[in-house]
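S.K.: Chains as they are written, first to last, in this note's numbering: chain E, 1 to 194; chain A, 1 to 194; chain X, 1 to 194; chain B, 1 to 194.
Warning: the hint list may mix true and false statements.
Given that identical chains are not distinguished, each listed pair holds provided it fits within a single copy or across any two copies.
[As the list claims (entries may be wrong)] Below, a list of computed lysine to aspartate or glutamate pairs in the DMTMM-like style, where the Cα atoms sit at most 20 Å apart:
(1) 116 - 2
(2) 64 - 90
(3) 122 - 143
(4) 142 - 160
(5) 122 - 2
(6) 89 - 2
(7) 74 - 139
(8) 162 - 139
(9) 152 - 135
(10) 122 - 82
(11) 119 - 143
(12) 115 - 2
(13) 89 - 99
(14) 119 - 7
(15) 119 - 82
(16) 77 - 143
(17) 115 - 143
These are computed hints drawn from the structure, not numbers from a lab.
The residues making up each chain are set out below.
There are 4 protein chains.
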Amino acid sequence: MDPKFFDRAIRGPQVVLRKDAGIIAAYSGISPGCNVLDAGTGSGFLAIFLANLAQPGRVTTYEKRPQFHKLAIKNAKRAGLENIEFINKDIARARVRGEFDIITLDLKGPARLVKKLDKNLKPGGVFVVYSPNIEQIKDAHKEFLKFGYEAKMIDCTVREWKVGISTHPVHSGIIHTGYLLFGIKVALPLENKT
Amino acid sequence: MDPKFFDRAIRGPQVVLRKDAGIIAAYSGISPGCNVLDAGTGSGFLAIFLANLAQPGRVTTYEKRPQFHKLAIKNAKRAGLENIEFINKDIARARVRGEFDIITLDLKGPARLVKKLDKNLKPGGVFVVYSPNIEQIKDAHKEFLKFGYEAKMIDCTVREWKVGISTHPVHSGIIHTGYLLFGIKVALPLENKT
Amino acid sequence: MDPKFFDRAIRGPQVVLRKDAGIIAAYSGISPGCNVLDAGTGSGFLAIFLANLAQPGRVTTYEKRPQFHKLAIKNAKRAGLENIEFINKDIARARVRGEFDIITLDLKGPARLVKKLDKNLKPGGVFVVYSPNIEQIKDAHKEFLKFGYEAKMIDCTVREWKVGISTHPVHSGIIHTGYLLFGIKVALPLENKT
Amino acid sequence: MDPKFFDRAIRGPQVVLRKDAGIIAAYSGISPGCNVLDAGTGSGFLAIFLANLAQPGRVTTYEKRPQFHKLAIKNAKRAGLENIEFINKDIARARVRGEFDIITLDLKGPARLVKKLDKNLKPGGVFVVYSPNIEQIKDAHKEFLKFGYEAKMIDCTVREWKVGISTHPVHSGIIHTGYLLFGIKVALPLENKT
């Protein structure tokens, strides 16, 4: 993948930054062959980033707003990826089929979708909620615990530096993007499965 | 890959953390089929993390200390990866062959290795230097500029949170691991290549 | 004041750190002659720090637990300050008299005390709530808005560095202490005062 | 002092922020009656902030650029402080007299001034160097060690938050201002003083 993909892709109003995409990759344990469910697509940065790493697995991504849906398709073409299914629907109302290794949500009201999508997450799979605010994280975290997931919440700050005669972080820029909540759907021990 | 690999692998005294591995993946643009050169291996966390994502590409990793070399091989077996070549040599003295898409260095004195390994980095490839201190970063940055690389230096802070009735970042823990310096070996425009 | 006071004073289980005390001083605009109301005293670090700067003003500080009350008195003696009144009572149940320029709260359930203590805060005065968690801050913030205060919430991170041949922040230590919420009791314009 | 002084004072191109002024106050142990030497004055924010807390002590501040010198005098008048002596000279070339409890430097090349001003710092006094970059800090730190000072370097990050239905740090703003280096001029034990 072009290491400058995040700089060169077309941006809608909000995108998942490279730092958060990298952290999602590392903490979800994404691997070749994984199948990922993603919503909302937005500009498609996260879906594309994950699709690249999940090959030959596939990413299925939902977006209700047509202009973003189209923008994301354009960005995927630029990135040369064909393992993404773009669906122009509100995931909250869609009938979601299949089982996924990883589910990533970057949309309003993620908590209600945990209940809905639990059936689509494989045992051992990882549910990722990305949210700019604490409130949505708290709600989703509560749902994770209800479903017996192992939950972990982190924030990630990346600062760019100037290096040279005068070395220091850049003076201003992005301070906060979103919180990252991970829920591992712990596989049940055998005796409980019968 | 097991999302808990970083928790479960055997640790030597120092390891690249999941956060830094994720950032290296995202900023280097690692993709299926990439070939990676890595040194020093240490406990093998970074080599294993990148090997998983680079399949069917390969990671070649150098480590001069035999006990780490062996530990890393064990960790790779646990992770079930076979696309890593572990070499028990000091990369500074070894004869390194082949061309790589990504080079990652986590060892003392990275600057002198930029000169040595430039010939092993493909045009458009990314050179990553991970260092706990500013001084090594400054030295390597200077080398990057000499070789015409586009350089970017960042630091990355991840904080774990407690979520519930009382929500806040954990009170103590890891503050600093290392700085991350990326150098892109810009491909020359055609007219300059003749 | 001894620049090492914070290192040398006797510590109970939790103390306000120098960084937070400094930020409280700067954002509250504490000045010579200010009168400060403080609760809970804890080990007395904040009361002592503010009392030093507020001279010849006074600090009145409430603490319900006798052992902390006594510890704080000892620390004040060490610091050589006589402008602090230590009261061994739960401020939530005490009858608080007088008007103060600054009120600082570092205790459980600060929101309910905003209502109680508003009458003790001079117009133009500053109400400071220090809390380890977001929930208490949200509750107190809501109270501040009810009372027409101008509210500002910040967090403050201080990292210590190693400087020398290898320069970098220390690798581990304190990540989070508390959030700092400031409410300015805006003085009413003249026409509304009659 | 008006808690909004930092918002209302007239700003030149660069000012010491409230957060850094608060940290300097806390780590230097400034107290009523302290005498402070400060350079360069800049817009005068730090001199004014410290002068307010040091009363009835005095702040002597040097600034070589006439327009800043005048601006700072204006800001001090607004703040209603009369215990500041503004000197329109380059401190590097001036003949500095008197002994001070605290010296604060916010100018280029602080290291060379440590040597010059050591004689103006009382035993037990605190030398503060504020610098945007690591290089100046390293140089000044080396000087501190030469003079037997106890040195401590920190950075301080303050983030403002939005609090309400959606609670989170503001998305962008100031990331880095400067590093803060403190040197305590340890008082010699008696036997070495003769």
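S.K.: Treating 20 Å as the Cα threshold, decide for residue 74 and residue 139: within, between, both or neither.
M.R.: neither (34 Å within a copy, 40 Å between copies)
S.K.: Could you figure out if residue 122 and residue 82 sit no more than 20 Å apart (CA to CA) within one copy, between two copies, both or neither?
M.R.: Neither: 23 Å inside a chain and 25 Å across chains, both beyond 20 Å.
S.K.: Should residue 119 paired with residue 82 be assigned to within, between, both, or neither, using CA atoms and 20 Å as the limit?
M.R.: neither (26 Å within a copy, 33 Å between copies)
S.K.: For residue 122 and residue 2, with the copy left unspecified, which applies at a CA distance of at most 20 Å: within, between, both, or neither?
M.R.: between (31 Å within a copy, 13 Å between copies)
S.K.: Classify it for me, residue 152 with residue 135: is the Cα-Cα distance of at most 20 Å met within a copy, between copies, both or neither?
M.R.: both (15 Å within a copy, 19 Å between copies)
S.K.: Have a look at residue 142 and residue 160 and pick one of within, between, both or neither, based on CA distance no larger than 20 Å.
M.R.: between (34 Å within a copy, 17 Å between copies)
S.K.: Is it within a copy, between copies, both, or neither that the alpha carbon of residue 116 lies no farther than 20 Å from that of residue 2?
M.R.: Answer is neither: 35 Å inside a copy and 25 Å across each miss the 20 Å cutoff.
S.K.: Which holds for residue 89 with residue 2 at a C-alpha limit of 20 Å: within a copy, between copies, both or neither?
M.R.: Close neither inside one copy (29 Å) nor across copies (31 Å); limit 20 Å.
S.K.: Go through the copies and call it for residue 122 and residue 143: within, between, both or neither, with a Cα cutoff of 20 Å.
M.R.: Within one copy only: 17 Å inside a chain, 45 Å across chains, cut-off 20 Å.
S.K.: Within, between, both or neither: how does the pair residue 115, residue 2 come out at a Cα-Cα threshold of 20 Å?
M.R.: neither (36 Å within a copy, 24 Å between copies)
S.K.: If the cut is 20 Å between Cα atoms, do residue 64 and residue 90 qualify within a copy, between copies, both or neither?
M.R.: within (4 Å within a copy, 54 Å between copies)
S.K.: Which holds for residue 119 with residue 7 at a C-alpha limit of 20 Å: within a copy, between copies, both or neither?
M.R.: neither (36 Å within a copy, 27 Å between copies)
When the structure is compared with the earlier hints, violations turn up for hints 1, 6, 7, 10, 12, 14, 15 and 16 and for no others.
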